[in-house]
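By the count of this note's numbering, the sequence shown reaches residue 233 at its end, each step adding exactly one.
Calculated from the structure, these hints are not laboratory results. Ideal Cβ positions, reconstructed from N, Cα and C, are used throughout, including at glycine. Worth double-checking, as some hints may not be accurate.
So the derived label-pair ranges between C-beta atoms look like this [claimed, not checked]: (1) 152 to 59: 54 to 60 Å; (2) 60 to 197: 33 to 39 Å; (3) 97 to 68: 23 to 29 Å; (4) 229 to 93: 36 to 42 Å; (5) 164 to 194: 15 to 21 Å; (6) 194 to 59: 28 to 34 Å; (7) 40 to 156: 48 to 54 Å; (8) 224 to 93: 30 to 36 Å; (9) 176 to 37: 37 to 43 Å; (10) 80 to 25: 24 to 30 Å; (11) 60 to 152: 56 to 62 Å.
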Amino acid sequence: MILGHIGARKGSKGVPGKNFRPLLGKPLIDWSLDHLFDNAEIDAVVVSTDDARIYEHALARGALDIGLRPAHLATDQAPKWGVWQHALEAAEAKLTAPVELFVDLDCTSPLRLPEDVSGAIGAFRNARPDMVMSVCEARKNPYFNLVEADETGALHVSKPLPGGVWARQDAPRVFEHVGLVYVLDPAYLRRAQTIYEGRVLPYEIPAERCHDIDTPFDYRLVELLLKDRLSSA
Numbered sequence: 001m002i003l004g005h006i007g008a009r010k011g012s013k014g015v016p017g018k019n020f021r022p023l024l025g026k027p028l029i030d031w032s033l034d035h036l037f038d039n040a041e042i043d044a045v046v047v048s049t050d051d052a053r054i055y056e057h058a059l060a061r062g063a064l065d066i067g068l069r070p071a072h073l074a075t076d077q078a079p080k081w082g083v084w085q086h087a088l089e090a091a092e093a094k095l096t097a098p099v100e101l102f103v104d105l106d107c108t109s110p111l112r113l114p115e116d117v118s119g120a121i122g123a124f125r126n127a128r129p130d131m132v133m134s135v136c137e138a139r140k141n142p143y144f145n146l147v148e149a150d151e152t153g154a155l156h157v158s159k160p161l162p163g164g165v166w167a168r169q170d171a172p173r174v175f176e177h178v179g180l181v182y183v184l185d186p187a188y189l190r191r192a193q194t195i196y197e198g199r200v201l202p203y204e205i206p207a208e209r210c211h212d213i214d215t216p217f218d219y220r221l222v223e224l225l226l227k228d229r230l231s232s233a
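Start from the sequences and build out the full structure, keeping to the hints where you can.
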């Protein structure tokens, strides 16, 4: 059995109420719920939230009834890992079959495509790591054009290499960790305390789909990109 999960906390400092805010005619969370409910590989869906309105909406769509998220997991300091562990445990108490894979989608990444979810699941099955997570090629590179100040205030490349790197294409490839999709072995989720304790493999997704909504500007940008996608369909 594959369990799909979405975490949707009530609070948000950047965009208040963003997880249930309308985006092109439907709540933001529905863009991710659609990717789970429409995927034939996903057997059950669970939504972890401290928002009663989001919770009732998720239940009406067919999510498992696991109750609201505990208060200690509903703060902006609560780690994603703990939320996942709680959701897995609560869901397993409702299911009649063991969970083979745990698939999480970030509520704030609505630009993903259905094939991004299926592709990440396929990548996990092919490699059998502890976890597969979505990444995109970083827009800036710490070996080339990311800089930091030293104790005198002078700027230097963040990760200097001998001889320096003078062209972007000569720098080692680096990736941005993006929340479009995570696929985990439930056994790893239960025993580990953080994401990177085990063998975590990247699943690369084009950068144009990797915009996350954290600010009002992000919301407007994603809205424009979705409108452009829908008008071209």
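Item to check | Indices of hints not satisfied (ascending) | outcome: Failing hints, ascending: 5, 8, 9.
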